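Colleague: Spelled out from the first residue to the last, the chains are:
Number of protein chains: 4
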Amino acid sequence: MIIVLKPNAEKEKILLLKNALEENYKVTVNTWVGVESTVLGLIGDTTHIDEDWVYAQDVVENVKRVQEPYKKANRKFHPDNTVIELPTGQKIGDGSLCIMAGPCSVETEEQINYVAQRVKEAGATFLRGGAFKPRTSPYSFQGLKSEGLDLLKGARKVTGLPIVTEIMRVSHIDMFESVDIIQVGARNMQNFELLKELGKIDKPILLKRGLSSTIEEWLMSAEYIMAGGNNKVILCERGIRTYETATRNTLDLSAVPVIKKKSHLPVIVDPSHATGKSSLVEQMSLAAVAAGADGLMIEVHNDPKHALSDGAQSLTPEQFDIVAKKVFALKKAYDEIMRNEE
Amino acid sequence: MIIVLKPNAEKEKILLLKNALEENYKVTVNTWVGVESTVLGLIGDTTHIDEDWVYAQDVVENVKRVQEPYKKANRKFHPDNTVIELPTGQKIGDGSLCIMAGPCSVETEEQINYVAQRVKEAGATFLRGGAFKPRTSPYSFQGLKSEGLDLLKGARKVTGLPIVTEIMRVSHIDMFESVDIIQVGARNMQNFELLKELGKIDKPILLKRGLSSTIEEWLMSAEYIMAGGNNKVILCERGIRTYETATRNTLDLSAVPVIKKKSHLPVIVDPSHATGKSSLVEQMSLAAVAAGADGLMIEVHNDPKHALSDGAQSLTPEQFDIVAKKVFALKKAYDEIMRNEE
Amino acid sequence: MIIVLKPNAEKEKILLLKNALEENYKVTVNTWVGVESTVLGLIGDTTHIDEDWVYAQDVVENVKRVQEPYKKANRKFHPDNTVIELPTGQKIGDGSLCIMAGPCSVETEEQINYVAQRVKEAGATFLRGGAFKPRTSPYSFQGLKSEGLDLLKGARKVTGLPIVTEIMRVSHIDMFESVDIIQVGARNMQNFELLKELGKIDKPILLKRGLSSTIEEWLMSAEYIMAGGNNKVILCERGIRTYETATRNTLDLSAVPVIKKKSHLPVIVDPSHATGKSSLVEQMSLAAVAAGADGLMIEVHNDPKHALSDGAQSLTPEQFDIVAKKVFALKKAYDEIMRNEE
Amino acid sequence: MIIVLKPNAEKEKILLLKNALEENYKVTVNTWVGVESTVLGLIGDTTHIDEDWVYAQDVVENVKRVQEPYKKANRKFHPDNTVIELPTGQKIGDGSLCIMAGPCSVETEEQINYVAQRVKEAGATFLRGGAFKPRTSPYSFQGLKSEGLDLLKGARKVTGLPIVTEIMRVSHIDMFESVDIIQVGARNMQNFELLKELGKIDKPILLKRGLSSTIEEWLMSAEYIMAGGNNKVILCERGIRTYETATRNTLDLSAVPVIKKKSHLPVIVDPSHATGKSSLVEQMSLAAVAAGADGLMIEVHNDPKHALSDGAQSLTPEQFDIVAKKVFALKKAYDEIMRNEE
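Chains as they are written, first to last, in our numbering: chain A, 22 to 363; chain B, 22 to 363; chain C, 22 to 363; chain D, 22 to 363.
Errors might be hidden in some of the hints.
A pair holds if it fits inside one copy or across any two, identical chains being indistinguishable in the list.
[Claimed, not checked] No more than 27 Å apart at the CA atoms, straight line, and that leaves these computed lysine-lysine pairs for DSSO-like:
#1 K92 / K166
#2 K224 / K281
#3 K92 / K112
#4 K97 / K281
#5 K32 / K141
#6 K326 / K85
#7 K34 / K92
To be clear, the hints were calculated from the coordinates, so they are not data collected in a lab.
Because the structure is a prediction, the values reported are computed rather than measured.
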């Protein structure tokens, strides 16, 4: 951490600050005195230093963090890719492409079983489906709740596909015991109380990026889970909020290579929520693969026009067949191209 | 709701959609057939209609909501201003200016009592202070928690100021029983499970705007609380996330008159979090008053440079004295100017 | 265009509006009277109708455009892809992948000839290079200007690569006579006077997307050029401004398939300016190809660390060799995958 | 400027960089060697140093500017407020409140003379009106052009109000000879060629903030004009582009006190373009005054519903009378409150 002091900072105050930093945070402070201003350089673990506290000091003009504020999620301290393996054998982050597909909301047994069967046949490796739904309006369908979870488990039994579904409340953690991957939605990315509790369990967490979260904040939320002891975090880019209205959100695919450099965690992409339009899903799925994503999360509904939520962005099983075929073909080509390099 | 159909929509499918709308949502559908396209006009309560569902229909090109999706928060159905009165007599939304002041975090008994005393003397009508703190980093100070709540209650006893403090978890609602106003922070504005539970209690809720929430989404979150039966919602503008970095967030003061037109709920402004800089608080407090805000939330710390969080944006009690004096003087002038008009 | 009138709009005023629309804009107006409100549906060419004018009418509550405001750039009226062919034979938009590569700024004859030679060998089909440079600071290097143009022409002579370079001023159009493709930079995307003049010449124009321009505004700027008679417009996505700071801008790759649906114009992608980091260029180039882009614009500098501008995002010729190889390999696989579908 | 080097930067390369900086930019470089990394501190005028160049150096990890990149616009080197005085006596930036009012577009002699007369009576000190109009669509009304300029001059003759109008093209500068204040619109804020030419004349320039420009970029554009020798720059905040759609743009009033700290230039506010809604103009005008603005720019039209552009945001002369009265009353109160402090 580099601290730039104000031009006329008094020597005594500088000394007080230096001592406070060394005592409170156990770092070594080097002082560089320039003609116009003095700069402090901190050596040691500055992760615990509160930038706000530093900024509030009289003599401080500016603070620059050199070290990233996340540790467990940081590739620097964990150079190898994290590979998340499920008890049933599926792996995420090992170089393969996982595809999580299914309806936005679980609606009926028939629906979820049918969709699960179809996406499995097309090559999906996980079944996604919402039982508890975060909806902007209190008057919109809020999901089948625990009944939805049961239907998901039923579809898992039928198809063998592990299930991914969203949690919205700390008190539901027990109910999600037999869910294979627990999803934290974009709106809860900074629901720190939920993150803390998910850090205490031993189950993969799919952490969606918040609508207006920076990549650093996103990694800090992963850090919340990991700080509690659960290292099984999968990141999911799902579009950020910008001024553009042609798509529901703006899919930030550059986040994929950025994350790959900064962190060892796997990162997947959700083109359905990002674009909000089924007609854009194929092209953005292909782009996500070429950007280096570890997987895709795609909405598939047997009958999008009767879907109880997010129908406009769902693919039919027939459309998903085609997308999956292309995606796997591109992944194969991509892997060959990347392998040739080595 | 106006539904624009695709140019070549088949008559049978249009009829099916019309019937589905009338049966599922109990609305009357008028059909207007143009040369190029057909438009459906829905009459009745369209609040419950899922736009996603409509968009997913084959024949639909576009949907335009004429009615706002919120009802209880809507000024149309509740023309008079909501005035929130505390058992201790304080009112919010009655034309007076409430000032909620205090430290970002409660730290010690001495600190909170001293600040409470000072802000009371300067004219603050509420004591604010964080006991549970949402922090981006798991390694930052997370608040004194229940101990902090006790210290706030102690300061209330000493000064008589009602207390405002943030809740972060459903299971804490009981613990917040004797808090006067419960705050929902920006990051939890769409923590719908929390909103639902707060809708079941009878206590004013201060709902901060999410970092990237539209005004409509914000009102929909108020609607969540009100749909549960709790109409005591106070809105708080605290800056939105934009590309500008000169301030921590961009304070959207136009939200104040926009809210005043759309809703009957009181709206206050937090210039401290919005700007992130104590040197901008005075000017933006004055601007908020002139924009028509019902109140201000201002961070005051006895010793900002030793504050455990958000020190850079806190005023000292001395600075707050001056700001409060100016703010009240401007409010007086503003009221006279507005009264003369009538 | 659908115009929703206010609930209590008077019949006389509605009639006046209807007549005004029919007379001023030669459209047919259908009236649909509902219980709560009246809706006007306009049939005919509404491209010339000023939305502002409509909104300003007393009785108008809301306006919804059904027709896009652009005509010449609209795929609806020009279903086939526009293919731009240069006198020297190169084509853009014909399904092939064009690569425009070269330094941000032209610096010396040696430099530009060397880079041109290297990028040609690697497969680039155009040489890009800045002679006039838009710089945020008046104190930064502003380009070699006309001397830079001469050096570009020299490099074209040596390599046979057509040249692409940015214009910043109407009075320079004559000077750009022998440039092969004239680039309009992001900051000038809405310099309408420049666009109008470029509409009068017969030369391909590369129109970069403005930092905060919607896709519709971008197409409207293309429309400005085309309205003047010049249909040779190439669109270039180069990142939009968002709150994220990990990349210089946020590359909006979903703009590629969106444009492909809305317009017949070719669209290319500039990952160098979008990300601002050379380490992200390879991955985002691959993603752009998979998103369906017609080409790439990539910065290559013989010696990025001595580049007079934008060095941080430039590739060395050696790095570009590798990127180009991978990009062409992926494009080949992509084409096969897409062809199989048919 | 502080340059943080990479952890393993080689000594020789560091020396090379140090020498290059000292030779090319005539600054003194201090080296501070830490355990993990080395930091260079530059002393002297770093305004001319290209950050891109620094970032492109192999050994550089990060760069932090301590000094602002603008000099002439910087309050540090010019502590007193700039007061712009017109030959006709009007002053901007002297503590008074200037009001520039008039129609978006000049339409007829009758219209402009009538509006000019009315706004003068209400207290406006300048007449604004567009002769050349930047419009998103090539099919929208583009202004009366030189005829509009003549009408403005006529209205000036009748009322004595100095005129403010927008320029869109370098070649028009001569035509704007007798305009009192030349406006540069938001879309041209980074039309550097235009800024450079406006730097060569001796006339006040009203520089509107770009839709997605940071405050620093805005001041750099002012610097372009000032670097040419013209110090008469007036800044105008007119809303920035965000995700919010309830208002046309988001008025960033905190920019006013931020500018006041960073620069000595006067800053005014345009609530009409910022909000896009006439119903919000009064409240945001009052807020702008309380935020410390030196003036307001307000759209007034004799007949907003027949205005050829931007009718929805224009006030009628009657509405403007009321707004102006309140605004002057609040300004008076504001000045007294601020004076008492001293």
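Colleague: Hint by hint, say whether it matches the structure.
Modeller: Hints and how they fare:
no. : hint        : verdict
1   : K92 / K166  : between (36 Å within a copy, 25 Å between copies)
2   : K224 / K281 : within (22 Å within a copy, 42 Å between copies)
3   : K92 / K112  : within (24 Å within a copy, 47 Å between copies)
4   : K97 / K281  : within (11 Å within a copy, 41 Å between copies)
5   : K32 / K141  : neither (69 Å within a copy, 36 Å between copies)
6   : K326 / K85  : between (51 Å within a copy, 18 Å between copies)
7   : K34 / K92   : neither (31 Å within a copy, 30 Å between copies)
Hint compliance for this structure: hints 5 and 7 are not met, and every other hint is.
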